[in-house]
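Sequences and hints are given; from them, build the entire structure.
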Amino acid sequence: MKQEPIENVIIIHPHVLQKFLKYGKDYANLLALYSFYLYHAQLQKTNQPLVTDEFTRKGMNWASDRVKRIKKILKDMKLIEVVQKRQYYYVHLFFIYTKKKIGEILGKSKETEASAPNKPKPVKKEEKTEVKSPTLLTQWTEYCDKNKIRYTKSNIKSWEDKLINRLTIDQQEAIYNATNKKWKNFYIVPIKESKYHKFLGKSLMMDRDCDCLIDIAYRDKKYIYQFKNIKVTTAEPPSKIFARCGYSKEEVKTAPIVSVVQDKIIGLIKRF
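Residue numbers 0 to 271, in numbering that gives the first Met the number 0, belong to the letters of the sequence shown in order.
Just so you know, the hints here were simulated from the structure itself, not pulled from any lab data. Predicted model only: the values in this text are computed from it and were never measured. Ideal Cβ positions, reconstructed from N, Cα and C, are used throughout, including at glycine. It is possible that some hints are incorrect.
With beta-carbon atoms standing in for the labels, derived distance ranges [stated by the list, open to error]: (1) S153 with V82: 33 to 41 Å; (2) V82 with G58: 15 to 23 Å; (3) L199 with K221: 13 to 21 Å; (4) Y87 with K24: 29 to 37 Å.
Distance condition first, Cα-Cα at most 27 Å in a straight line; then the derived DSS-like pairs of lysine-lysine [to be verified]: (5) K227 with K191; (6) K221 with K239; (7) K180 with K152; (8) K152 with K67; (9) K161 with K197; (10) K201 with K180; (11) K227 with K197; (12) K221 with K161; (13) K74 with K57.
Listed below in structure tokens is the structure:
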């Protein structure tokens with residue numbers, strides 16, 4: 000079992016996605032290439048990563064013309080700039096939003112609100128986990144292009160609405176079934192019928208506490224459980240791992256360790 004701490008998740012601003020939508024069928028290409036640049040910016044820990052066209056072509060499995068065309072659109076949109084240093088070409092990213100940076104901005108905002116006199120406190124609203132998967136949407140649109148399935152901006156918006164707020168594994172199953180059966184549209188099961196959605200928000204008591212499940216994905220015959228504080232990769236399916244180690248923080252009595260201790264205490268009381 001592999002556990003990886005979540006460090007600094009990159010977030011694409013909704014305004015950028017709206018700008019991509021204006022380019023119709025190139026929406027998926029723009030999103031894919033921009034996400035590729037953002038990923039390597041995070042990997043190289045700079046907003047000016049070294050990503051040549053040849054490196055991008057191999058990494059994206061695209062033709063050279065496609066890389067150059069989509070890259071030019073990103074340049075025209077003022078989202079990137081190509082910088083040459085000696086024989087190397089770097090891509091400068093103007094806007095990078097990360098979970099950490101947004102947290103810092105929100106933290107400063109809260110401090111300002113606290114210092115403002117006589118300002119009414121805002122009513123706290125329950126936050127909902129929003130799960131988006133640009134990679135899966137790109138995979139679907141590429142399948143449509145390959146099979147000459149026509150689609151419009153409204154189709155893309157409809158597909159986005161289907162995938163939003165759904166676990167990655169539900170999205171993966173929907174896309175896989177549709178492409179495997181050569182459908183012209185994909186169907187995602189309702190939340191009530193999902194085999195996985197019921198585990199959302201639950202925690203695991205393992206070597207270290209895995210706090211509040213926010214997503215499940217499936218890759219290379221392994222389940223990837225993403226919690227608020229850690230990512231766990233294992234071949235064990237949700238039904239088994241949560242039956243063995245799972246608990247809800249709202250119902251602490253159901254926690255495995257608490258239940259064991261409780262049983263021992265009751266046993267000691269009965270002895271006396």
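Quick rundown of the hints versus the structure:
{"no.": "1", "hint": "S153 with V82: 33 to 41 Å", "verdict": "holds (38 Å)"}
{"no.": "2", "hint": "V82 with G58: 15 to 23 Å", "verdict": "holds (19 Å)"}
{"no.": "3", "hint": "L199 with K221: 13 to 21 Å", "verdict": "holds (19 Å)"}
{"no.": "4", "hint": "Y87 with K24: 29 to 37 Å", "verdict": "holds (32 Å)"}
{"no.": "5", "hint": "K227 with K191", "verdict": "holds (23 Å)"}
{"no.": "6", "hint": "K221 with K239", "verdict": "holds (13 Å)"}
{"no.": "7", "hint": "K180 with K152", "verdict": "holds (24 Å)"}
{"no.": "8", "hint": "K152 with K67", "verdict": "holds (23 Å)"}
{"no.": "9", "hint": "K161 with K197", "verdict": "holds (18 Å)"}
{"no.": "10", "hint": "K201 with K180", "verdict": "violated (34 Å)"}
{"no.": "11", "hint": "K227 with K197", "verdict": "holds (17 Å)"}
{"no.": "12", "hint": "K221 with K161", "verdict": "holds (25 Å)"}
{"no.": "13", "hint": "K74 with K57", "verdict": "holds (21 Å)"}
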